[in-house]
Every structure is written in structure tokens, then in C-alpha cells.
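Colleague: Quick note, the sequences are listed as chains F and A, same order.
With our numbering, the residue at position 154 of the first sequence is 154, and numbering never jumps.
With our numbering, the residue at position 14 of the second sequence is 14, and numbering never jumps.
Watch out, some of these pointers could steer you wrong.
Just so you know, same-sequence chains aren't split out, so a pair can sit in one copy or run between any two.
[As the list claims (entries may be wrong)] With a straight-line Cα cutoff of 25 Å, these simulated SDA-like cross-link-like pairs (lysine to any residue) come out:
#	residue 1	residue 2
1	Lys54	Asn104
2	Lys233	Gln119
3	Lys78	His241
4	Lys24	Leu67
5	Lys66	Arg33
6	Lys54	Ala240
7	Lys233	Gly103
8	Lys233	Glu52
9	Lys233	Leu53
10	Lys78	Ser247
11	Lys233	Ile249
12	Lys66	Arg242
13	Lys233	Ile255
14	Lys24	Lys54
15	Lys78	Ala240
16	Lys66	Asp55
Keep in mind the hints are simulated off the structure, nothing from the lab.
Protein chains: 2
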Amino acid sequence: MSPSPQRDHSERGYIIPIGGAEQKVRDATILERFIELCGRRAHIAVIPTASELKDTGRRYERLFRKLGADRVSVLNLKRREHCESEDVVEAIEEADGIFMTGGNQLRLSTILGGTAVAQAIRRRNAEGIHVAGTSAGAAFMPEHMIAGGDSGSTPRADMVQLAPGLGLTNRFIIDQHFRQRDRLGRLLTALAYNPFAVGVGLDEDTAAFIGPDDTLEVYGSGGITMVDPSELKESTMDSAHRHEPVSLIGIRLHILVRGGVYDIESRSARLG
Amino acid sequence: MSPSPQRDHSERGYIIPIGGAEQKVRDATILERFIELCGRRAHIAVIPTASELKDTGRRYERLFRKLGADRVSVLNLKRREHCESEDVVEAIEEADGIFMTGGNQLRLSTILGGTAVAQAIRRRNAEGIHVAGTSAGAAFMPEHMIAGGDSGSTPRADMVQLAPGLGLTNRFIIDQHFRQRDRLGRLLTALAYNPFAVGVGLDEDTAAFIGPDDTLEVYGSGGITMVDPSELKESTMDSAHRHEPVSLIGIRLHILVRGGVYDIESRSARLG
Chain F
1 MSPSPQRDHS
11 ERGYIIPIGG
21 AEQKVRDATI
31 LERFIELCGR
41 RAHIAVIPTA
51 SELKDTGRRY
61 ERLFRKLGAD
71 RVSVLNLKRR
81 EHCESEDVVE
91 AIEEADGIFM
101 TGGNQLRLST
111 ILGGTAVAQA
121 IRRRNAEGIH
131 VAGTSAGAAF
141 MPEHMIAGGD
151 SGSTPRADMV
161 QLAPGLGLTN
171 RFIIDQHFRQ
181 RDRLGRLLTA
191 LAYNPFAVGV
201 GLDEDTAAFI
211 GPDDTLEVYG
221 SGGITMVDPS
231 ELKESTMDSA
241 HRHEPVSLIG
251 IRLHILVRGG
261 VYDIESRSAR
271 LG
Chain A
1 MSPSPQRDHS
11 ERGYIIPIGG
21 AEQKVRDATI
31 LERFIELCGR
41 RAHIAVIPTA
51 SELKDTGRRY
61 ERLFRKLGAD
71 RVSVLNLKRR
81 EHCESEDVVE
91 AIEEADGIFM
101 TGGNQLRLST
111 ILGGTAVAQA
121 IRRRNAEGIH
131 VAGTSAGAAF
141 MPEHMIAGGD
151 SGSTPRADMV
161 QLAPGLGLTN
171 RFIIDQHFRQ
181 RDRLGRLLTA
191 LAYNPFAVGV
201 GLDEDTAAFI
211 GPDDTLEVYG
221 SGGITMVDPS
231 ELKESTMDSA
241 HRHEPVSLIG
251 IRLHILVRGG
261 VYDIESRSAR
271 LG
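I would like the entire structure built from these sequences, with the hints used as guidance.
Modeller: Listed below in C-alpha cells is the structure:
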């Protein structure tokens with residue numbers, strides 16, 4: 001599930017993980033910016049699979065229409081066989097933007113994983129279509145998905161459960177409800193397993209707009225905690241026993257708010 | 001850590017996961033075949049990082065020389081800073097084959113992950129150099145690595161710990177000491193998170209030679225259990241509580257022995 005190879009050198013679309021609980025009516029800057037990116041007369045495909053509430057899809061349909069979308073298709077994918085339907089794949093082929101709601105990210109990975117729908121989303125994003133997701137929808141986006149874990153700020157062995165995600169990016173590992181649910185420890189643990197990726201801890205009502213050049217810009221009212229393990233000198237992750245705290249020496253951390261920018265190539269952050 | 005993009009259309013090299021405890025003197029068919037693939041006057045780079053025994057590297061050096069290798073470089077990578085050394089990267093650039101020993105796969109991912117050495121191995125494999133690994137060295141090869149877990153044949157939520165691996169392939173998830181340590185359950189659990197990959201359960205003294213076309217051929221004295229979740233109809237993986245058994249309806253299973261072949265494109269198996 002690594003990022004889909006890009007055809008004919010088109011730029012990939014934005015990848016937009018949102019930390020959950022984004023403002024939907026007043027100060028809906030994140031959703032507004034998403035719809036704006038998707039262009040005039042945008043067609044948005046909504047995937048409410050993570051949620052088990054009946055009206056999640058319809059709710060976003062109303063919101064996106066209010067924000068100016070021309071057409072919204074709610075794709076009710078509740079079983080793996082739904083994800084092989086030609087109609088559904090066609091809706092994704094025709095969309096200008098794709099939005100995955102919150103809920104349980106394991107519903108997304110177990111229902112969409114390996115199906116025609118997952119392939120279509122990956123291909124469309126590689127072709128330039130923007131993909132946004134909130135909470136569980138955000139967690140599902142990268143190659144390595146945080147499926148669950150414990151709260152607390154100190155990393156501990158076995159603190160986090162990783163699983164394969166959708167694979168839109170393999171440069172970031174994403175966590176959400178970050179400050180609200182005290183998740184620094186589990187993000188550090190996830191990164192410590194193999195310190196090749198950069199961690200993105202998204203507060204609620206906060207989004208990372210990750211452009212085609214892998215530059216990330218912050219929108220919304222909270223902060224994003226960027227965790228860079230590339231200069232990690234020492235780690236006891238390989239020897240720590242279950243539940244034991246883990247030593248990590250040399251983590252770099254940045255907190256970015258609205259307008260802040262992170263450049264993955266140089267691994268550098270700047271204020272907006 | 002997705003597979004390195006291939007340059008100038010050269011074919012990638014073989015990926016050769018071995019289930020551990022391979023025959024080293026009599027009937028050493030797996031290691032013989034690896035050295036044969038690497039060509040006449042082969043230079044083999046041995047990475048004993050997973051092991052904490054002092055003589056693991058030297059032992060394979062003697063073995064590979066006996067089997068006809070012209071030169072063997074043992075790369076003692078014990079800390080992350082060792083993996084940024086130019087000399088070490090040069091040895092990998094000059095090697096015709098790379099071999100990772102057994103031990104603890106978390107030592108490989110935590111020490112090599114994100115370093116110049118990991119990048120060099122990925123690039124060299126993409127350029128046509130063969131990479132073999134036994135036990136922990138095999139587990140580390142794919143994008144999604146089984147870091148640990150429990151034994152038993154029925155999948156249970158939380159039965160397996162996944163972590164990012166080296167990323168030489170993202171089409172297979174590999175488990176080893178398969179029959180000897182009763183690992184069907186944990187491989188099923190790993191696949192159930194996101195049923196896009198195919199599971200490869202390697203018995204001891206058994207290897208999968210995965211060619212550039214992702215066709216897999218079995219060598220050695222044991223069996224390989226191929227687990228294909230692509231026709232999975234139903235799964236309770238998203239709702240099962242910790243330690244609970246998981247329902248999976250529609251798994252396809254093949255057991256292959258010496259000479260057996262599996263074709264990932266058609267997801268079909270045949271006797272040798």
C-alpha cells in the first residue's frame with residue numbers, strides 16, 4: 001500500500017489529515033479551505049465507513065453543499081463487497097475531492113483495505129485529487145496507521161498498535177485528538193519502532209494541509225506537534241519489556257499553529 | 001519505507017526471506033542457492049545487527065566463503081551512527097548480495113531504520129542486488145514487519161505487534177519459525193488489519209525466493225503457508241476486544257514445499 005506511482009508526471013493532490021472535532025458552522029476554516037482547494041463546482045465523495053452513526057454521511061453532505069460544493073456523493077461502504085462495486089469506483093473517478101469521516105479507523109482498513117475503492121483513492125490522489133479525513137479518517141491515510149493505544153506522554157513498549165493504512169504517504173505517521181487525549185507517548189512509541197518517518201500529532205479542530213511537495217501547512221484553532229526522530233542517537237525500544245518505559249535520546253520536536261509550515265525535505269519548521 | 005523506485009528500468013534483485021535455522025553444512029540448499037544467484041566471485045555483505053552473539057557475523061563469513069563467495073564483509077552495525085558511515089555504505093554499494101542474520105527484528109528496525117544503510121539496501125535491491133535474511137532478518141524485509149506476538153492458530157485482537165520494516169516489498173507480510181512456533185493466528189491477525197497483502201509463513205530451514213516479477217519459489221526442507229485474504233467476505237477485526245478471537249470468512253490457504261511456486265499477480269499456487 002505504498003503511494004501509488006504517479007502517471008504522466010501529474011502532481012499528486014493534497015493529503016489533509018484533520019485532528020477530529022473540526023468546526024463545522026462558525027469558523028469552519030478547515031472544511032472551507034478543503035472545498036476551496038477542490039475548485040469551483042466541486043464534486044465531493046464522502047466515505048462515512050469509519051462511523052457507525054446513520055446520519056454521518058448526510059451531515060457532511062449538507063455541510064459541503066453549504067460551503068459551495070456542487071455535488072456530494074455519500075458512499076455507504078459497509079462491507080468489503082460494496083468496495084468492489086463499479087458505481088462506487090466511478091463516483092471516486094469523477095470526484096474532485098474525497099473526504100473520510102471519523103469513527104473507528106479499523107473499520108476503514110478492514111473494509112476498504114485491498115479493494116478496488118482503496119486502489120481508486122490512491123490512484124486519484126496520485127493524479128491530483130485532494131483527500132481529506134478527520135479523526136479515524138486522518139489516522140487511516142498513511143502507510144503505517146495508528147490503530148489504537150494508550151494515553152500518556154512517556155513512550156512505553158506495547159503502548160501503540162500499528163496496522164497497515166491506506167498508504168497515501170509514507171513520510172508521516174499521523175495521530176489525532178492529540179492534546180485532548182494525551183497521545184505524545186504513543187506517537188513516540190510508533191516512531192521509535194523504525195525512526196524513518198516524521199510524526200504529526202494533530203489537535204482537535206486542526207488540520208495539516210500536506211502539499212504535493214510534502215510541505216505541510218497548519219489550519220484551524222489548535223496546534224500540531226511535529227516529532228522528528230531523524231537525529232535519534234539512542235533508543236531502548238528493542239530491549240524494553242511489555243509496558244516498560246522506553247529511553248529515546250535525540251528527538252526533535254516542533255509545535256506549530258495556524259500558518260506554521262513544515263518542510264519534510266529539510267526537516268525544518270517555520271512560523272507562518 | 002515503500003519499495004525504492006527503480007532507476008533506468010533495471011530489474012530489482014531477489015528478496016529471500018528464510019524461516020530461521022537453515023541448514024548450514026549438509027544440505028545447505030538455501031544458502032547455496034543464494035550464493036549461486038549472487039554470481040561468480042560474489043561479494044556478500046553480512047549484517048549481524050539482529051543478533052547479540054559476538055560471532056554471528058564471522059560464522060556466516062566462514063560459511064559463505066566455503067560456499068564459494070569471493071569476499072565477505074561483516075558490517076557490525078550496533079548503533080544508529082554506525083549506519084551513517086561512508087565506509088559501510090560503500091561496502092553495500094559494492095556487494096553482490098546482502099544477508100541479514102537472525103536475532104531480534106526490533107534491533108534491525110530501531111538501529112537501521114531511516115539511516116543511510118537502510119536507504120542503500122533498498123536502492124541496491126531496486127538495482128538488482130539480492131537480499132536474503134533469516135528469522136529476524138526475514139521479518140524485517142517487508143514494509144509491514146511482524147515485531148512480535150503470541151502463538152496459537154486462532155487469530156485474536158492484539159495477538160500481533162506490527163511495526164514498519166525495511167520496505168523491500170509491500171506485497172507480502174512475512175512470518176518465520178512458522179510451524180515450529182505455531183504462528184498461523186498471528187499471521188492471520190496481521191493480515192486482517194488490512195487485507196491487501198499476502199501472508200508468507202516460513203517454516204525453519206525453508207526459504208521463499210521472491211523474484212523480480214514477485215513470483216515466489218520454495219527452497220529447503222519445510223513448508224511455506226501462503227495466506228491470501230483477497231477474497232475475505234467478513235471480518236470482526238474492527239469490533240473484537242483485546243484478546244478476543246476474531247471471525248474471518250473467506251481466507252484462501254496454500255501449503256507449498258520445495259519447488260512450489262506462488263504467483264502474486266494471479267494469486268495462484270502450483271506444485272513445482
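Colleague: Confirm or reject each hint.
Modeller: We went through each hint and held it up to the structure:
Only within a single protomer do Lys54 and Asn104 lie at most 25 Å apart by alpha-carbon distance; the minimum there is 14 Å, versus 46 Å between protomers. Taking CA atoms no more than 25 Å apart as the test, Lys233 paired with Gln119 passes between copies only; the shortest distance there is 18 Å, against 38 Å inside one copy. For a Cα distance limit of 25 Å, the shortest separation of Lys78 from His241 across copies, 20 Å, qualifies, whereas the shortest one inside one copy, 38 Å, does not. When the C-alpha separation of Lys24 and Leu67 is checked against a cutoff of 25 Å, the pair qualifies only within one copy, where the shortest distance is 10 Å, while the shortest distance between copies is 67 Å.
For a Cα distance limit of 25 Å, the shortest separation of Lys66 from Arg33 inside one copy, 13 Å, qualifies, whereas the shortest one across copies, 64 Å, does not. In this homomeric assembly, Lys54 and Ala240 come within 25 Å of each other (Cα to Cα) only across copies, at 21 Å, whereas the closest approach inside a single copy is 43 Å. For a Cα distance limit of 25 Å, the shortest separation of Lys233 from Gly103 across copies, 21 Å, qualifies, whereas the shortest one inside one copy, 37 Å, does not. With identical chains, the CA atoms of Lys233 and Glu52 are at most 25 Å apart between copies only, with a shortest distance of 19 Å across copies and 43 Å within one.
For the identical chains of this complex, Lys233 and Leu53 are inter-copy neighbours only, at 22 Å across copies versus 45 Å inside a copy, given an alpha-carbon limit of 25 Å. Taking identical chains as interchangeable, the C-alpha atoms of Lys78 and Ser247 lie at most 25 Å apart only when they sit on different chains, with a minimum of 17 Å there against 42 Å within one chain. For the homomeric pair Lys233 and Ile249, the shortest alpha-carbon distance inside one copy (6 Å) is at most 25 Å, but the shortest distance between copies (45 Å) is not. Taking the shortest alpha-carbon separations for Lys66 and Arg242, neither the intra-copy value of 49 Å nor the inter-copy value of 41 Å comes in at or below 25 Å.
In this assembly of identical chains, Lys233 and Ile255 lie within 25 Å of each other by CA distance solely inside one copy; the values are 22 Å within and 43 Å between copies. In this homomeric assembly, Lys24 and Lys54 come within 25 Å of each other (Cα to Cα) only inside a single copy, at 18 Å, whereas the closest approach across copies is 60 Å. In this assembly of identical chains, Lys78 and Ala240 lie within 25 Å of each other by CA distance solely across copies; the values are 17 Å between and 39 Å within a copy. With identical chains, the CA atoms of Lys66 and Asp55 are at most 25 Å apart within one copy only, with a shortest distance of 17 Å there and 68 Å across copies.
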